[in-house]
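Each chain, written out:
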Amino acid sequence: MFHKLFFFLIFSIFLQMNTISAYGELQSARAMEIQAAFLIKFSSYVKWPEEAFADARAPVTVGIFGRDPFGSAIDEIARSFNANGRNVEVRRFKDPAATHQSHILFIPASEMERMDEITAVLSGRSVLIVGNSPEFLNKSGIINFVMVGKKIRFNISRTNCQKMGLDISSKLLSVAHKIQ
Amino acid sequence: MTFPQFRDLSINIKLTVIIIFSCLLVSLMASGFFIGREIISFRRSVVEDLSGLARVIGINCTAPLEFMDSETADEILSSLSARPHILQALLFTADGTKFSQYQKPSLSLENAQELRDHFKETKLQLLGEAHHFHKNHMALSVFVGKPGKTIGTLVLQADQSGFHAILTRLIYVVSGIFTTTLLLAALLSSLLNRVVSRPILELAETMERVRREKNYSIRAIKNSNDELGVLVKGINSTLDDIEKRDEQLLVAKKTAEDANLAKSQFLAQMSHEIRTPMNGILGIASLLLNTSINEKQYQFVHTIRRSGESLLNLINDILDFSKIEAGKLELELIQFDLREIAEETVDLLSERANEKNLNLACFIHSAVPAHFEGDPGRLRQILMNLLGNAIKFTNRGEVVLNIFLKKIEGNSAYLRFEVSDTGIGINKGKQKEIFCAFSQADGSTTRQFGGTGLGLAICHQLVSLMDGEIGVESVEGQGATFWFTTVFAISSFNESLSDRPHQPIALQKFDAVILVAEDNPTNQIVAQGLLEHLGCRIDLADNGKVAATITAKKNYDLIFMDCQMPVMDGYEATKQIRKAENLAGTGPTPIIALTAHAMKGDRERCLAVGMNDFITKPFNEQQLAIILSKWLPDTCIKNLPGPPTKILKNRATQSTQVHIDESVLNSFRQLQQPGKSDIRTELVSVYLRSSPGIMQSLQQAAEKNDSEKLWQAAHTLKSSSASLGARRLSSLCHELEIMGRETRVDDPLQRVLEIESEFKTVADELERILSGV
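Order-wise, the sequence lines are chains E and G.
Residue numbering for the first sequence follows the numbering used here, beginning at 1 and increasing consecutively.
Residue numbering for the second sequence follows the numbering used here, beginning at 1 and increasing consecutively.
Mixed in with the good hints there might be a few duds.
[Said to hold, decoys possible] The following label-pair restraints were derived from C-beta to C-beta distances:
{"#": "1", "chain 1": "E", "residue 1": "Ala73", "chain 2": "G", "residue 2": "Arg169", "range": "53 to 61 angstroms"}
{"#": "2", "chain 1": "E", "residue 1": "Ala73", "chain 2": "G", "residue 2": "Glu75", "range": "29 to 37 angstroms"}
{"#": "3", "chain 1": "G", "residue 1": "Ser161", "chain 2": "E", "residue 2": "Glu135", "range": "50 to 58 angstroms"}
{"#": "4", "chain 1": "E", "residue 1": "Ala73", "chain 2": "G", "residue 2": "Thr150", "range": "15 to 23 angstroms"}
{"#": "5", "chain 1": "G", "residue 1": "Ile39", "chain 2": "E", "residue 2": "Ala73", "range": "50 to 58 angstroms"}
{"#": "6", "chain 1": "G", "residue 1": "Lys120", "chain 2": "E", "residue 2": "Ala73", "range": "34 to 42 angstroms"}
{"#": "7", "chain 1": "E", "residue 1": "Asp95", "chain 2": "G", "residue 2": "Ala82", "range": "35 to 43 angstroms"}
{"#": "8", "chain 1": "E", "residue 1": "Asp95", "chain 2": "G", "residue 2": "Glu75", "range": "52 to 60 angstroms"}
{"#": "9", "chain 1": "G", "residue 1": "Glu129", "chain 2": "E", "residue 2": "Ala73", "range": "25 to 33 angstroms"}
{"#": "10", "chain 1": "G", "residue 1": "Ser45", "chain 2": "E", "residue 2": "Ser110", "range": "52 to 60 angstroms"}
[As the list claims (entries may be wrong)] Derived DSBU-like pairs: lysine-lysine, alpha-carbon spacing no greater than 35 angstroms straight-line:
{"#": "11", "chain 1": "G", "residue 1": "Lys430", "chain 2": "G", "residue 2": "Lys296"}
{"#": "12", "chain 1": "E", "residue 1": "Lys171", "chain 2": "G", "residue 2": "Lys149"}
{"#": "13", "chain 1": "E", "residue 1": "Lys171", "chain 2": "G", "residue 2": "Lys98"}
{"#": "14", "chain 1": "G", "residue 1": "Lys146", "chain 2": "E", "residue 2": "Lys47"}
{"#": "15", "chain 1": "E", "residue 1": "Lys47", "chain 2": "G", "residue 2": "Lys98"}
{"#": "16", "chain 1": "E", "residue 1": "Lys171", "chain 2": "G", "residue 2": "Lys146"}
{"#": "17", "chain 1": "E", "residue 1": "Lys171", "chain 2": "G", "residue 2": "Lys120"}
{"#": "18", "chain 1": "G", "residue 1": "Lys253", "chain 2": "G", "residue 2": "Lys430"}
{"#": "19", "chain 1": "E", "residue 1": "Lys178", "chain 2": "G", "residue 2": "Lys149"}
{"#": "20", "chain 1": "E", "residue 1": "Lys151", "chain 2": "G", "residue 2": "Lys98"}
{"#": "21", "chain 1": "E", "residue 1": "Lys150", "chain 2": "G", "residue 2": "Lys120"}
{"#": "22", "chain 1": "E", "residue 1": "Lys41", "chain 2": "G", "residue 2": "Lys149"}
{"#": "23", "chain 1": "E", "residue 1": "Lys150", "chain 2": "G", "residue 2": "Lys146"}
{"#": "24", "chain 1": "E", "residue 1": "Lys151", "chain 2": "G", "residue 2": "Lys146"}
{"#": "25", "chain 1": "G", "residue 1": "Lys392", "chain 2": "E", "residue 2": "Lys41"}
{"#": "26", "chain 1": "E", "residue 1": "Lys41", "chain 2": "G", "residue 2": "Lys146"}
{"#": "27", "chain 1": "E", "residue 1": "Lys163", "chain 2": "G", "residue 2": "Lys149"}
{"#": "28", "chain 1": "E", "residue 1": "Lys163", "chain 2": "G", "residue 2": "Lys146"}
{"#": "29", "chain 1": "G", "residue 1": "Lys579", "chain 2": "G", "residue 2": "Lys545"}
{"#": "30", "chain 1": "E", "residue 1": "Lys178", "chain 2": "G", "residue 2": "Lys98"}
{"#": "31", "chain 1": "E", "residue 1": "Lys151", "chain 2": "G", "residue 2": "Lys120"}
{"#": "32", "chain 1": "G", "residue 1": "Lys149", "chain 2": "E", "residue 2": "Lys47"}
{"#": "33", "chain 1": "E", "residue 1": "Lys150", "chain 2": "G", "residue 2": "Lys149"}
Because the hints were derived from the structure by calculation, they are not lab data.
Think of the CB as a built atom: it goes at the ideal place given N, C-alpha and C, for glycine as much as any other residue.
Please take these sequences and the hints and turn them into a complete structure.
Pasting the structure below:
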């Protein structure tokens with residue numbers, strides 16, 4: 001029993017250290033480029049309830065809250081992307097109250113203090129909340145980018161996802177690093 | 001050895017080859033098609049399977065590719081280990097970089113290298129939707145991603161050994177099909193043989209048999225009503241026709257042969273029928289000539305006899321010819337003396353030559369053997385014909401018979417006879433024709449010279465029978481030389497054939513009692529007259545029965561027996577006479593058959609019943625005399641004084657040129673009237689008295705070279721010499737006369753000297769002949 005606990009502690013510390021250093025790289029410009037592409041691609045692996053869209057042709061709205069870490073690169077990616085017959089538009093939000101207008105909402109690490117505020121707004125809404133901060137999934141996040149080795153991967157919280165009424169494709173789940 | 005060409009092979013083999021070949025071809029094509037289709041469909045299914053798999057894998061790899069999750073991609077690809085035939089899987093991103101790879105764990109290094117090499121070779125192609133078959137494996141590539149949005153390429157490389165296994169199985173199947181096809185083809189061809197080739201072969205065999213056996217009654221068997229049946233029917237009906245025609249031809253041939261036989265028999269019968277009255281005519285004429293008649297009557301009777309003899313010759317020719325035509329002429333094989341035959345023939349013709357003032361001579365080469373075995377009668381006939389013709393067609397000059405020996409081989413002597421004349425000759429174009437029947441050099445010849453035109457045809461046939469050849473060499477207007485060759489066996493029997501002194505028969509008289517059995521009154525008169533003229537005493541019997549009765553009572557020196565008589569014929573009578581003689585123990589009386597049949601076989605029949613000899617009607621006095629001298633005992637023969645036999649012997653042995661032809665002198669005896677002085681003596685003494693003067697004028701004319709006087713003197717001497725039979729002298733004078741007339745005498749003195757010397761010889765001989773009188 002003691003041994004188990006000991007190993008768990010050691011493993012946790014190791015994991016913690018690894019995560020800290022990884023999150024540092026996660027914010028680099030190159031990593032952000034990849035995250036932008038992933039963010040847009042998520043739109044084709046997630047199924048929203050019908051009432052989430054005004055009509056069958058309505059675009060998927062990808063929102064970025066607060067300070068934009070992607071820049072214009074994400075707009076470029078979105079323009080040429082097609083998610084199951086819908087176009088993708090990128091919107092930037094400053095006010096947490098407006099974030100419910102998005103289908104996918106990215107909350108950068110710098111805006112994590114306002115996480116609770118945003119989740120309160122989005123409660124009962126079908127928005128895929130994506131971030132790249134530690135403990136993101138424990139704070140109602142659904143997909144959180146992580147650094148695995150030198151690669152960008154992501155973890156998915158199926159619990160939070162179900163809470164939001166979203167259906168994530170098994171394919172996306174199959175490439176997730178961890179699923180909670 | 002050369003391979004036989006396909007067209008020369010038996011139809012049987014041809015059919016088999018064709019059937020097997022076409023069956024194999026069809027099965028080859030079918031198998032090829034089948035294998036091709038199998039391969040194509042197999043490959044298609046392989047491609048479909050593989051591309052289906054690739055698509056599933058591709059779809060599964062979409063997310064890993066999009067989210068660059070190579071681990072997941074590796075995981076997905078590693079699931080291919082459940083498919084053992086997948087050797088390698090490669091996942092590329094859209095920009096061509098390798099994203100993930102799977103390799104079959106058991107893959108050997110070489111195989112892996114091979115796959116890599118192969119991939120490198122086909123990389124460009126594989127960067128699209130494509131597949132490619134390699135030796136041992138195939139590669140297939142598919143796009144990953146949604147249509148229009150390619151995010152990568154998946155390449156699968158799969159093992160092809162399954163395909164090879166299938167290919168091997170297919171080859172086994174096809175071999176099986178091939179073997180079955182061959183067996184079926186063999187079966188089929190044997191069936192076809194039964195239906196098609198066997199009837200053809202049978203037909204061919206039948207035709208071959210017909211050809212080989214020349215048997216046109218063989219028929220082919222018809223088994224079907226197809227074209228072969230038609231062929232068989234056609235051939236059979238052709239054979240029917242041939243057989244029918246053969247039968248008709250046989251009948252026609254038989255008819256023709258029968259007709260020919262009937263013709264020959266008719267001719268023989270007619271000749272026989274004509275001979276009997278001819279016997280009367282000739283016999284009575286001869287008898288008449290021996291009676292006291294005046295010169296005019298003598299001329300008339302002589303003409304009758306001459307005409308009768310000509311007629312008889314014609315009949316003999318026709319009879320011979322019909323016998324030859326009927327194939328009934330057979331040669332005898334008896335011993336003979338060639339010199340005797342030649343001289344007899346020349347003797348017989350000398351009178352005719354003399355009449356025309358011709359020189360007739362006979363030369364027998366010294367190498368020619370004396371005695372032969374053969375048919376002297378036929379040889380004499382040929383010589384008579386040729387010499388007779390020569391005399392007939394020669395108006396002046398000479399006729400010479402030459403006999404040469406060509407060679408001796410074993411016991412056979414090859415002789416060549418040549419009869420040369422100085423007559424009219426024969427046109428070159430006609431020289432072949434004249435040996436054909438009824439042909440003379442010219443139709444006008446017959447009118448001018450008479451004759452049947454059968455003589456040379458008969459000679460030709462006779463010479464052929466004697467294994468010889470006959471021919472002529474002639475220049476028209478300059479005489480002709482007829483020649484023929486014969487082969488005779490040399491007789492080893494060297495004894496002289498006639499032991500009696502060779503005497504002119506006409507000089508013999510016979511003191512004998514003779515019975516003549518003859519039913520025909522004319523012939524009775526003839527036989528009686530001729531025999532009485534020969535000095536015999538004659539009894540007559542009307543038939544064989546009378547003859548047999550008379551001979552039982554009276555002894556005769558000789559019997560002449562006609563063969564065909566009423567009541568009892570000559571054959572039966574002879575048998576009875578011989579029987580009676582046996583009983584009485586008296587010596588056999590010579591019985592001579594008198595027959596009008598000139599056919600061979602008669603002689604044998606006569607001899608078989610016991611007759612001794614035979615004589616053919618019509619006969620003349622000379623023939624009778626020969627028979628009498630042959631069969632009567634010597635005591636019955638009275639030799640009349642005649643010319644010394646020495647001269648005759650001389651001639652017979654030397655066979656040189658004759659100075660004096662004593663037959664000419666003898667002919668004067670015919671004119672001798674009983675009780676008058678000898679005509680010959682008178683003629684000879686006149687000739688001997690007058691000739692020296694002529695010789696003198698010849699000499700003078702020669703000295704003066706006076707052609708006119710020369711030919712006149714020569715002419716005179718020629719005529720007087722010829723009439724006494726001094727032939728050589730006569731012909732020498734004749735030559736001089738001709739040259740004198742043409743005033744082209746070269747060396748007249750030499751010629752006169754020749755004539756002088758010949759005259760001296762002639763004078764000596766004449767004196768010798770006369771001294772014998």
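Margin query: Checking one constraint from the list: CA of Lys171/E to CA of Lys98/G, max 35 angstroms. Satisfied?
Written below: holds (21 angstroms)
Next item on the list: With a cut-off of 35 angstroms on the C-alpha distance, tell me whether Lys163/E and Lys149/G pass.
Entry: holds (33 angstroms)
Notebook entry, point to check: CA of Lys151/E to CA of Lys120/G, is that 35 angstroms or under?
Noted result: holds (29 angstroms)
Note to self: The hint says 25 to 33 angstroms between Glu129/G and Ala73/E; measuring C-beta to C-beta, is that right?
What the structure shows: Since Glu129/G and Ala73/E have Cβ atoms about 32 angstroms apart, the given range 25 to 33 angstroms holds.
Item checked: 34 to 42 angstroms as the expected CB spacing between Ala73/E and Lys120/G, which holds or is violated -> holds (36 angstroms)
Note to self: What's the verdict on Lys151/E and Lys146/G, does the C-alpha distance respect the 35 angstroms limit or exceed it?
What the structure shows: holds (25 angstroms)
Note to self: So if I understand the rule, the pair passes when the alpha-carbon distance is 35 angstroms or less; does Lys151/E with Lys98/G pass?
What the structure shows: Distance of about 16 angstroms is within 35 angstroms: holds.
Next item on the list: Just tell me: holds or violated, for the beta carbon distance of Asp95/E and Ala82/G against 35 to 43 angstroms?
Entry: violated (54 angstroms)
Checklist line | Distance restraint between Lys579/G and Lys545/G, which requires alpha-carbon spacing of 35 angstroms or less | finding: holds (14 angstroms)
Note to self: Need the status of pair Lys171/E, Lys149/G: alpha-carbon distance at most 35 angstroms?
What the structure shows: holds (17 angstroms)
Check: Taking 35 angstroms as the top limit, are the C-alpha atoms of Lys171/E and Lys120/G close enough?
Finding: Distance of about 32 angstroms is within 35 angstroms: holds.
Note to self: So if I understand the rule, the pair passes when the alpha-carbon distance is 35 angstroms or less; does Lys149/G with Lys47/E pass?
What the structure shows: With Cα atoms ~20 angstroms apart, Lys149/G and Lys47/E stay inside 35 angstroms; holds.
In summary, the numbered hints that this structure violates are 7, 8, 11 and 25.
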